[in-house]
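Chains Y and L, in that order, give the protein sequences.
Each residue of the first sequence is one higher than the last, beginning at -6 in the numbering used here.
Each residue of the second sequence is one higher than the last, beginning at -6 in the numbering used here.
If you are wondering where the hints come from, they were derived from the structure by calculation, not from laboratory data.
Among the hints, erroneous ones may be present.
Which copy is meant is left open, because identical chains are indistinguishable; a pair holds if it fits in one copy or across any two.
Listed below are the simulated DSSO-like cross-link pairs for lysine-lysine, each with C-alpha atoms no more than 27 Å apart in a straight line [to be verified]:
#: 1; residue 1: K36; residue 2: K101
#: 2; residue 1: K0; residue 2: K308
#: 3; residue 1: K231; residue 2: K174
#: 4; residue 1: K18; residue 2: K29
#: 5; residue 1: K130; residue 2: K30
#: 6; residue 1: K18; residue 2: K130
#: 7; residue 1: K256; residue 2: K333
#: 8; residue 1: K130; residue 2: K309
#: 9; residue 1: K15; residue 2: K36
#: 10; residue 1: K0; residue 2: K101
#: 11; residue 1: K332; residue 2: K256
#: 12; residue 1: K28; residue 2: K15
There are 2 protein chains.
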Amino acid sequence: MAQVTLKEIADILGISVTTVSKALKDYKDVSEETKKKVRELAKELDYQPNAMALSLRNQESRTIGLIIPEIAHHFFANIINGIILEAEKHGYLVIILQSNESFDLETKQIDLLLNKRVDGILMSLSNETDSLDAIRKIISNGTPLVLFDKISKMVNCSKVIIDDQKAAYEATEHLIKSGCKKIAHFRGPLNPQGSIDRFLGYKRALEDHKITYDPSLVYICNRISSQEGFDYAQQVLKDHPDVDGIFCITDLVAAGAMSYFNKNGIFVPDQISIIGFSNWPISSLLTPSLSTVDQPGTRMGKEALGILVEEINAKKKKEPIEYHLIQLPTKLIARNSSKKS
Amino acid sequence: MAQVTLKEIADILGISVTTVSKALKDYKDVSEETKKKVRELAKELDYQPNAMALSLRNQESRTIGLIIPEIAHHFFANIINGIILEAEKHGYLVIILQSNESFDLETKQIDLLLNKRVDGILMSLSNETDSLDAIRKIISNGTPLVLFDKISKMVNCSKVIIDDQKAAYEATEHLIKSGCKKIAHFRGPLNPQGSIDRFLGYKRALEDHKITYDPSLVYICNRISSQEGFDYAQQVLKDHPDVDGIFCITDLVAAGAMSYFNKNGIFVPDQISIIGFSNWPISSLLTPSLSTVDQPGTRMGKEALGILVEEINAKKKKEPIEYHLIQLPTKLIARNSSKKS
Chain Y
-6 MAQVTLKEIA
4 DILGISVTTV
14 SKALKDYKDV
24 SEETKKKVRE
34 LAKELDYQPN
44 AMALSLRNQE
54 SRTIGLIIPE
64 IAHHFFANII
74 NGIILEAEKH
84 GYLVIILQSN
94 ESFDLETKQI
104 DLLLNKRVDG
114 ILMSLSNETD
124 SLDAIRKIIS
134 NGTPLVLFDK
144 ISKMVNCSKV
154 IIDDQKAAYE
164 ATEHLIKSGC
174 KKIAHFRGPL
184 NPQGSIDRFL
194 GYKRALEDHK
204 ITYDPSLVYI
214 CNRISSQEGF
224 DYAQQVLKDH
234 PDVDGIFCIT
244 DLVAAGAMSY
254 FNKNGIFVPD
264 QISIIGFSNW
274 PISSLLTPSL
284 STVDQPGTRM
294 GKEALGILVE
304 EINAKKKKEP
314 IEYHLIQLPT
324 KLIARNSSKK
334 S
Chain L
-6 MAQVTLKEIA
4 DILGISVTTV
14 SKALKDYKDV
24 SEETKKKVRE
34 LAKELDYQPN
44 AMALSLRNQE
54 SRTIGLIIPE
64 IAHHFFANII
74 NGIILEAEKH
84 GYLVIILQSN
94 ESFDLETKQI
104 DLLLNKRVDG
114 ILMSLSNETD
124 SLDAIRKIIS
134 NGTPLVLFDK
144 ISKMVNCSKV
154 IIDDQKAAYE
164 ATEHLIKSGC
174 KKIAHFRGPL
184 NPQGSIDRFL
194 GYKRALEDHK
204 ITYDPSLVYI
214 CNRISSQEGF
224 DYAQQVLKDH
234 PDVDGIFCIT
244 DLVAAGAMSY
254 FNKNGIFVPD
264 QISIIGFSNW
274 PISSLLTPSL
284 STVDQPGTRM
294 GKEALGILVE
304 EINAKKKKEP
314 IEYHLIQLPT
324 KLIARNSSKK
334 S
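With the rest of the complex left out, here is chain Y (with noise of 0.2 Å):
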């Protein structure tokens, strides 16, 4: 069975499209009981209206779009999760594209969108992207826009983000107030704000105890890969024998470590701690369990959504728009594999 159309619900009822459809639309010039039976029958067909033309005669899509780096990603998994239960609350639909951390393909995705002039566009930028062209573009164009996670401070929209250097200041601060005194540090590469600012957070909370910066202490995980913090576990201790911690990017990172120090008969915490960051699911139940931070992705997903929506209906009312910076609180969760501070 095809859908089924106004024309043959006319055609059934003997009358005209046009009455069909005003019937539908509860216009006064149609009589209440030709509006019953066109209800009725309606009804019992399951007669579903095109949303494409409801769309096309709204001007609405009750369409957002998503861009994000990485969906294969837990703390990104968690913000979609996030993203599309407040979605369904407010009733939009979510189409959602992967950039896989490439600028072109996120430029082309923006134009795509558009094109199918979505309502409004959440983005988390790809570590690639060093022109704000194609995003701006968004804004020229009147479709709201929230960033989220991944930001750039230079793009003028609303923006949900996590203290990110305030969360590694405290990640640092555990390992010294559990007693480290040389702690090194796997970061994430060197364009992203998130990387950067865990970067700052580490280096601050250093200082702030009265501990010498060391740069040879700082280790770039450009894939930030269990891989990678496997080999630089190997790398450190070569180069820093008596390093006593390890402040890694994410959990991923970090359980690639633990995993080299497991196999190696090198005690953690006893002899080196290590904290991650993000909570994975599994990294409760690493040997030793992992301490990490916390990250609230689904609640980032329903922020972000939440302020979207705020706007898209700010546009249709004609009322300016306030854009927001929401901070959210990350929460440090010592586990395991560092010492009591």
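Guided by the hints, dock chain L onto chain Y, whose structure is given.
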């Protein structure tokens, strides 16, 4: 700057909207000179054709709908990844909805997608799904449908799955060949086909190797959580002190069980072997590293999308649609939580 319309282009050039529209579509009754002017101005003003109007004309939304039980789940995140990568290649956008394992929500989401007139639907069923009426509505509506991973054999459409029974058989057989004589199974809920098939594979492997099947060695994980793995690890030792192997429905449950044994000085695999299912990214980093079965999530997503696009194209050309049943191969990954077989 709002989006440029055909009317604005027409006004600037002092020609009719119809002429502009025809020029952009390269109609023969518009002069080359006018076409050139229109194209140049459209490019300069960054004119984007209204996708909804285009769709309405073509009866095509270039959008497909995806309903999945849970996004923040490693295996599903990989599937979504595969679907989106492949959709990108074919020029389709993907609307993602999450059923949250709720049958009611799933039914509502099917209506939403049909109402949105997506070109096709991809679905993995919720654990709760016990009536197939809503799913059959997709088919009777003439919308191409492909089920993947969590399917129902009762629906007549294309399906992409893994051979859960065979994969579970191999996992159990691996434990038997490595010397285990009393093997427990921490299984999934009673309803889903995948959970049933893994149980059947376990049972068949025992029988084929002349080990008597003992129902008291099977424990049901309704939430498929690490906590259940942890709790049942304790329970199984009480119920069967001589148990020497466990096959778990997923790595998460296995990781929970291993965490209990690690904490209580029970050596894995010397005293008890463990094998999981799914090959989570952190599973290789557990101590000991977890033996498991690798499921090709990304490939499953790509295959499902590919078949759906084939069916959408066949429908457009009014060609008959042939349903496929694709069973993707899994791979046993023997690590250190089980003995060498």
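Going through the hints against the structure:
1. Taking identical chains as interchangeable, the C-alpha atoms of K36 and K101 lie at most 27 Å apart only when they sit on different chains, with a minimum of 16 Å there against 41 Å within one chain.
2. Proximity of K0 to K308 under the C-alpha cut-off of 27 Å is restricted to the inter-copy arrangement: shortest distance 22 Å between copies versus 35 Å within a copy.
3. Proximity of K231 to K174 under the C-alpha cut-off of 27 Å is restricted to the intra-copy arrangement: shortest distance 17 Å within a copy versus 45 Å between copies.
4. For the identical chains of this complex, K18 and K29 are intra-copy neighbours only, at 12 Å inside a copy versus 43 Å across copies, given an alpha-carbon limit of 27 Å.
5. In this assembly of identical chains, K130 and K30 lie within 27 Å of each other by CA distance solely across copies; the values are 24 Å between and 49 Å within a copy.
6. Within a single copy, K18 and K130 get their C-alpha atoms only as close as 37 Å, which misses the 27 Å cut-off; across copies the closest is 25 Å, which meets it.
7. Proximity of K256 and K333 under a CA criterion of 27 Å is satisfied in both settings, with 24 Å inside one chain copy and 18 Å between copies.
8. When the C-alpha separation of K130 and K309 is checked against a cutoff of 27 Å, the pair qualifies only within one copy, where the shortest distance is 19 Å, while the shortest distance between copies is 35 Å.
9. In the homo-oligomer, the alpha carbons of K15 and K36 lie at most 27 Å apart inside one protomer (16 Å), although the nearest pairing across protomers, at 39 Å, exceeds that limit.
10. Taking the shortest Cα distances, K0 and K101 sit within 27 Å of each other only across copies (26 Å), while inside one copy they are farther apart (39 Å).
11. For a Cα distance limit of 27 Å, the shortest separation of K332 from K256 qualifies both inside one copy, at 20 Å, and across copies, at 17 Å.
12. With identical chains, the CA atoms of K28 and K15 are at most 27 Å apart within one copy only, with a shortest distance of 8 Å there and 39 Å across copies.
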